[in-house]
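Now for the letters of each chain:
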Amino acid sequence: MSIHDTRSAELEATWRDPPGLRGVLSAVNHKTIGRRFIVTAFSFFVAAGILAGLMRLQLMHPGNTVLGPDRYAQIFTMHGTTMMFLFAVPVMQAVAVYVVPLMIGARSIAFPRLNAYAFWIYLFGGVMLYGAFLLNVGPDAGWFAYVPLSGPAYSPGKRVDFWAQMITFTELSGLLEAVIQITTIFKLRAPGMTLNRLPLYVWSVLVTNFMILFAMPAVMLSSTALIMDRLVGTHFYNPAEGGDVLLWQHLFWFFGHPEVYFIFVPALGFMSTIIATFSRRQIFGYTAMVVALIATAFLAFGLWVHHMFATNLPELGKSFFTAVSMMIAIPSAVQIFCWLATLKTGRLVMEVPLHFVLAFFFILVVGGLTGVMLAAVPLDLQVHDTYFVVAHFHYVLIGGAVFPLVGAFYYWFPKVTGRMLSGVLGRWHFWLFFAGFNLTFFPMHVLGLLGMPRRVYTYPADPGWGALNLLSTVGDWITGVSFLLFALNVWRALARGMPAGANPWGAPTLEWATSSPPHAANFPRVPLVRGVAPLWLAEPYAGHVRGLADTQREVLATTVLDAAPDHRMIMPTPTIWPFLSAVATTMLFIGSIFTPWAVVWGTVPVAVALVAWFWPTRAETAEHLALEKRP
Amino acid sequence: MSGLPLAAFLDTPPLGELSQDALRAAGPQAAATLALWWPTLALCSAVLLGILIALGYALATSGRAVRSAPGDLSSLANREPGLVRAVSVGVALSTVALLGLVAASAATDRKLASLDTAGALQVHVIAHQWWWEFEYLDADVTRRFVTANELHLPVGRAVELVLDADDVIHSLWIPNLAGKRDLIPGHTQTLRLRADRAGVYRGQCAEYCGYQHANMALRVVAEEPGAFTAWADRMRAPAAAPATPLAQQGRAIFENGTCAMCHTVSGTPAAAKHAPDLTHLASRRRLAAETLENTHDLLARWISRPNALKPGVYMPDQAYSESDVQALTAYLETLK
Amino acid sequence: MITLESSLICTCVRAPLRARRAWPAALLLLHALAASAVDAEWPMASGDYANTRYSTLADIDTSNVGTLAEAFAFDTGVERGQEAAPIVVGGTLYLLTAWPNVLYALDLTRPGAAVKWKFEPHPAPRAQGEACCDVVTRGIAYADGTVFMVTLDGQAIAVDAATGAERWRTPLADVAHGETVTMAPLVVKDRMLVGNSGGEMGVRGWLTALDTHTGAVAWRAYSTGPDRDVLINHSRYAPFYPTDRGTDLGVATWPPEAWKRGGGGAWGFVSYDPALDLLYYGTANPGPWNPEQRAGDNKWTSGVFARRPGDGTAAWFYQWSPHDRHDYDGINEMMLLDLDWQGARREVLVHPDRNGYVYVLDRKNGEVLAADPFVTVNTSTGVDLKTGRLQYDPGKDPRAGLTIRNVCPAAPGAKDWQPSAYSPRTGLLYLPHQHLCHDAQTYTTSYIAGTPFLGVTAQMNGMAGTSRGAFTAWDPLARRARWTLPEVFPVWSGALATAGDLVFYGTLDGWFKAVDARSGKPLWQQQTGSGIIGQPMAYRGPDGREYVAIMSGVGGWAGAVSSGCLDRRDGTAALGFVGAMKDLPMPEVKTGVLHVYALP
Amino acid sequence: MRCPELACLALIVCLAGCERETRHFTADVPGPAYPGPRAQTGTVAGRAENPYARNAYAVNEGKRLFRWYNCNGCHAEGGGGMGVPLMDAEWRYGDRPVDVFTSIHDGRPDGMPAFGGRVTDDQIWRLAAYVRAIEGRVASATAPNRDDSLQEAKPETRRAGQ
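Protein chains in written order, with our numbering: chain G, 1 to 631; chain S, 1 to 336; chain A, 1 to 600; chain P, 1 to 162.
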């Protein structure tokens with residue numbers, strides 16, 4: 001039974017983005033914003049990858065002089081900053097912006113205008129940072145920006161200010177997205193999608209966004225304090241006037257460690273989604289998986305100090321943070337064993353997304369195990385801040401997040417574009433990436449053990465690090481080639497890929513119920529859900545929601561636990577004001593890099609834009625009233 | 001353990017000949033860490049192998065399907081006790097292994113903290129951008145002396161390094177002897193270690209500290225107590241007056257020019273504290289925190305164009321005449 | 001020329017020069033009587049060898065002081081802080097100004113005390129940049145028809161008292177290495193005693209004796225270094241405490257070489273006991289201020305030496321502040337008193353130190369009889385009378401890179417150089433002093449010859465709950481304060497006690513005050529137009545009347561904010577003193593003026 | 001696109017940013033040749049600008065040297081003491097960059113020692129640039145902010161435009 005019917009054209013017109021340039025700037029449809037978000041994040045990924053290539057070029061030989069210390073410092077700072085703040089966290093939220101409403105059977109994301117605003121803020125923050133970088137104002141104190149090196153005394157000029165203000169941009173965007181996505185998941189699920197029928201990916205997004213809500217304020221606080229130290233001469237981090245340089249590290253890592261899990265937890269959702277689809281069975285141990293996700297989120301807040309073991313701690317503190325750091329491996333172990341069980345008992349469809357997911361079992365496990373080693377204080381004190389750690393977190397982040405993410409890209413690409421990616425090129429991409437990645441980063445474990453510290457722009461020949469570094473650079477080139485193939489694959493698919501159809505993979509979740517690319521309203525008829533894998537049921541839906549307006553962006557809000565119909569509400573229409581508000585906010589943020597008074601005069605345009613944004617029009621109000629029905 | 005076979009392939013120097021790796025211990029701290037490292041590595045490797053075997057087994061024994069195949073939701077209806085058992089055993093084993101590692105780590109921690117430091121040599125280490133200052137402490141203050149970038153230690157005697165940072169955060173790491181410890185402005189720390197094996201070890205700053213972080217290394221010379229005492233006595237002696245006219249001319253340039261604004265040469269009016277103590281520069285093997293070999297030519301280049309060799313270093317470039325460079329070099333080479 | 005230039009440019013003093021007051025009619029009643037009594041004279045800065053600053057003159061007393069009026073005034077034309085005491089000998093008043101150290105002789109027998117002669121030594125201008133705390137001098141000495149003075153750049157000069165002709169001149173200090181001289185020399189027999197300043201510049205402190213006839217250096221006793229330099233001859237050296245015994249402690253209590261730049265100048269007043277034939281003087285702070293750069297006790301700084309004037313050998317030494325942490329120079333005056341101490345007559349030395357304690361020492365051997373805090377002290381917990389050692393509070397110890405807050409007393413101490421007075425009639429000490437605390441951050445500093453060698457950034461504040469300045473009467477026998485007069489600003493002038501049971505002192509905001517020596521009741525005050533940091537003295541004029549004289553002219557360390565036109569937005573200026581002196585008014589009168597008061 | 005205006009604006013922003021942020025590690029921007037003690041206003045040397053006046057890194061280096069060479073001992077954080085205050089607008093010997101350079105290089109008779117030959121000319125230009133920042137005459141985006149030390153006076157960035 002099709003969910004399309006004759007009214008879908010009218011509905012399409014209601015939910016479509018307006019045409020023209022103004023329409024482009026006014027778009028609020030979550031799929032449009034999600035696509036832009038994903039493309040932007042991948043653009044930053046490419047930029048950071050190019051920077052990584054430059055670093056590998058410099059480190060290819062001992063005593064190389066391709067890059068000087070100044071340029072190298074900016075590049076490694078930009079690489080880390082981009083990857084962590086402009087790619088990894090945003091891309092996870094970006095995918096959620098696109099996928100979550102589809103997966104839960106909603107017509108829209110909650111707060112669509114705010115969603116657009118969050119995207120523009122993110123985009124402007126990233127563009128500002130790269131603009132600064134190209135003007136030789138790129139931050140150079142590391143992505144962690146430890147004070148006092150990043151403080152006013154040792155980082156003159158505006159380089160670090162741009163970095164700190166980029167934090168403000170991306171964290172503002174991230175926090176808004178967290179609110180939007182939590183609300184979406186709690187209130188906009190299709191009727192019948194009770195919490196225990198929530199797809200595991202949506203669970204992971206929910207858990208991630210709660211973590212973001214708790215962790216991001218710490219880094220906004222610390223970076224704002226840094227800006228104030230640098231701009232108006234406060235003394236948050238000046239020990240001479242009562243501040244403390246370690247305060248920065250505590251605040252930063254209180255955010256920074258959970259941040260790794262912002263990236264990792266959604267990837268676990270990708271894993272569960274893809275494994276389930278390509279095993280043709282439900283994930284074994286749904287409840288255990290959900291509990292493991294939540295446990296990971298809790299534990300993630302208890303181990304930030306393992307980034308700071310070398311600053312010295314009391315013995316009891318060391319043992320506590322060691323224990324927590326190791327214990328967080330247990331929820332991961334639960335999930336890994338459940339996936340193995342699922343794979344063992346499933347019937348596997350060996351498609352490209354599954355390849356990327358299977359790579360996780362090698363790469364992430366290696367990264368996780370080196371993480372366990374790093375949790376042991378004595379071992380950490382030897383390998384902390386060496387290439388061992390560089391290897392470790394690339395194994396965790398690339399194995400644990402990028403491989404599943406790329407898998408998810410192959411998985412959802414047909415849904416987003418309506419076209420299939422080439423499986424052959426995909427396999428080439430996968431194997432070259434897998435080989436190149438391991439060749440790049442595995443030698444770094446050894447380099448770290450051999451004593452090579454991180455963040456060095458050059459190294460001497462004596463300690464014998466040259467051969468492994470060369471190997472690593474070659475690996476980086478192979479990885480680069482693999483991503484060129486990826487780009488080729490995407491280009492080919494967009495140009496002349498096979499049409500995908502609604503559900504090319506035979507997947508069980510709701511996003512595959514609608515057309516590819518999806519209808520502007522997602523679901524012309526909103527389904528009533530009756531299981532955790534509805535499309536695999538013989539009778540997928542218990543029925544459809546009726547009575548939602550076609551001429552208005554009307555959606556059905558449901559209750560938090562049981563997704564029982566709660567009330568109808570009208571989502572806002574496209575408007576340019578989120579864009580203009582973001583422009584005004586950007587002016588305020590960039591202005592306040594140069595003068596604290598920008599915070600004062602900058603609020604005027606922001607206030608004007610926000611008032612305009614929320615100003616009700618007569619026509620809208622009248623239409624809303626017209627739709628009101630007596631009970 | 002004598003190290004990875006890989007090390008030979010990699011051309012790393014033998015232990016005690018300017019090695020810098022965490023896999024070969026020359027003292028009890030590094031040895032205790034290695035004693036934790038190898039079992040941990042073995043255990044982790046076993047876990048990895050176990051998971052890969054499990055994955056291989058799962059892939060080998062599971063069925064195959066095509067894209068169009070329908071999903072199977074029978075697992076929702078049927079309990080899967082075999083899987084529950086397997087997963088439970090896996091998780092339990094993981095937990096036990098992790099608890100074992102926590103215990104081993106804590107025990108190693110205690111062991112590291114319990115190094116007997118009775119009669120320890122105390123050295124005050126001050127990290128600067130981008131060099132190391134070592135002040136050898138002594139209850140008799142007249143026996144204290146200061147040197148830079150080359151840390152000599154007596155074999156078999158505990159050493160307590162009192163750590164301070166002058167500017168930004170640095171981290172002292174001598175992998176053959178002990179794990180690292182950060183030097184943080186406003187927080188004095190200590191690092192206790194002992195070298196049990198004579199030799200030369202390389203150490204390096206391990207916390208990013210600015211442009212020349214890469215060239216902030218140190219040389220640790222662990223020597224027999226007799227040799228150490230002789231070295232310390234040499235270090236305590238003020239600089240001898242230069243004998244040759246060229247060196248004397250160099251000394252005049254040194255003391256009346258820019259050098260004395262930052263450097264100290266004990267026994268002369270040069271007593272500034274912002275750069276390495278040069279009283280016994282010629283006895284050190286390398287220049288500029290292990291950046292350059294201490295040769296005549298490199299020294300001459302270093303004193304006139306340091307920023308060409310270590311860009312960003314605080315030592316200024318100078319337009320010395322060739323004769324001035326020769327005189328200064330001649331003087332510096334007398335500072336044995 | 002330079003003075004003129006700076007006066008043109010240093011425009012922060014806006015008040016125009018006021019016309020000097022008309023000479024009071026009282027002067028017209030001048031008697032032609034030549035004073036002959038000894039009490040008529042004030043031949044050295046401190047009045048007498050015992051440093052009591054007590055005048056036996058009693059014409060002006062508590063009953064009539066209210067009518068005290070200015071007899072005459074003399075404008076020196078010199079702008080910087082005037083710390084010097086005038087001296088009066090044989091109907092002539094001699095006066096040394098701050099840099100450029102002009103020596104005036106004023107004929108007291110002539111109306112208006114006309115200038116008899118003027119001697120300009122032309123010291124090196126460079127010295128102005130080497131003097132830590134304004135370009136002051138603290139006075140001169142007279143002996144055998146000769147006036148002895150020292151210029152800021154350290155030239156000891158003997159000037160014929162009658163003609164103002166230079167007899168000899170001996171350069172003593174090395175200005176290029178930061179040495180200056182600000183102290184008032186003392187003449188004992190045929191020795192002129194001069195000590196150097198420069199503890200902030202890494203000098204090596206010394207006290208030098210010159211032959212008064214030829215200007216030749218008789219001996220020089222350093223405050224650091226080997227015993228032969230310090231003039232310690234162990235057969236004749238007997239300190240009371242074991243910690244001061246030992247060979248070459250001036251080297252052994254320093255890290256290698258540090259003693260060569262270890263400070264310990266001798267810029268305070270020297271006392272002399274003719275009966276014991278011993279000189280007493282304090283040594284200044286060790287250098288640099290950062291104590292971590294000079295581990296050890298840092299002998300012989302921040303202590304007191306008893307020396308024999310003939311050959312300069314030390315008799316004993318006691319260290320007020322071993323391994324000084326807070327710039328507690330030990331140079332404050334040593335008052336040589338004979339007190340009935342716990343039932344027995346003892347020859348003692350009373351010394352209010354910068355570290356906040358009034359010390360009573362047996363001046364024959366250096367035994368500490370008492371050491372009692374006269375202000376709130378938190379840098380130490382007391383003095384162990386058994387070992388004689390100051391008990392520091394480690395919580396206030398400076399540490400490189402750290403800021404230590406609320407260090408009390410601050411770097412200028414509870415009482416700086418400003419000399420106190422002692423009245424045998426009341427048995428009280430009169431202490432001009434301050435209640436300041438500082439916040440200080442320590443850092444490693446380089447020795448660069450001729451530049452400051454500090455390693456501390458400090459910033460001072462008034463002590464909480466009390467006034468910044470105070471004038472305290474201290475009972476050395478009861479070991480407690482009798483009364484204290486609060487003052488807005490640190491009392492940076494010396495004190496004078498007279499047999500009329502009056503005590504005189506001046507304030508940084510320009511008041512010259514007389515108070516009842518017994519009760520502390522304020523009896524009289526007069527505004528001089530510029531802050532007073534000088535030393536009051538009394539003499540009997542040729543007309544037989546008692547006069548009280550004081551130099552006004554704001555400056556010194558405390559007043560540098562005004563005299564140096566420093567910027568008050570920076571509390572760390574003037575080594576941190578500006579932090580506590582931001583509200584010090586600019587003087588109405590810009591130049592230093594001698595004010596002389598008498599009964600009408 | 002209205003290219004010329006936009007391009008010009010972009011170029012100006014770019015150059016301002018570039019010069020402010022360049023790290024001159026070597027003396028590769030040598031200042032005007034040492035003008036000698038008597039450079040007159042009318043001469044080329046007298047008009048010479050400080051090559052580092054717009055470079056944040058060099059001004060900050062000047063601030064570091066200001067403490068390294070004990071300038072702060074006399075001039076404090078600009079309030080003065082043994083030396084004249086540098087925060088105020090009164091310049092006894094002139095406030096042109098070349099005057100400041102000459103004061104440091106040759107010293108001044110009221111007590112300022114001569115540092116010529118003891119400090120490289122390049123460092124003197126950096127110091128001179130910082131000395132002007134003390135008074136707030138360097139753009140606030142270029143001036144150093146508070147030091148990592150005890151500080152009571154306003155940081156240099158906040159002195160601009162006084």
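In short, the hints are calculated from the structure, not lab data. Values in this document were obtained by computation on a predicted structure and should not be read as measured data. Just so it is clear, CB atoms sit at the ideal spot from N, CA and C, and this is done for glycine as well. There's no promise every hint is true.
What the hints assert, rightly or not - Cut-off 25 Å, straight-line C-alpha distance, at most; resulting in silico cross-link-like pairs (DSS-like, lysine-lysine):
| hint | chain 1 | residue 1 | chain 2 | residue 2 |
| --- | --- | --- | --- | --- |
| 1 | A | 582 | S | 336 |
| 2 | A | 189 | A | 364 |
| 3 | P | 154 | A | 116 |
| 4 | A | 386 | A | 396 |
| 5 | A | 364 | A | 386 |
Said to hold, decoys possible - Ranges of calculated distance between the beta carbons of each label pair, as one might list FRET restraints:
| hint | chain 1 | residue 1 | chain 2 | residue 2 | range |
| --- | --- | --- | --- | --- | --- |
| 6 | A | 582 | P | 109 | 43 to 53 Å |
| 7 | G | 247 | S | 267 | 39 to 49 Å |
| 8 | A | 582 | G | 587 | 33 to 43 Å |
Hint check:
no. : hint                      : verdict
1   : A:582 x S:336             : violated (53 Å)
2   : A:189 x A:364             : holds (20 Å)
3   : P:154 x A:116             : violated (51 Å)
4   : A:386 x A:396             : holds (23 Å)
5   : A:364 x A:386             : holds (18 Å)
6   : A:582 x P:109: 43 to 53 Å : violated (30 Å)
7   : G:247 x S:267: 39 to 49 Å : holds (44 Å)
8   : A:582 x G:587: 33 to 43 Å : holds (39 Å)
The structure shown violates the earlier hints numbered 1, 3, 6.
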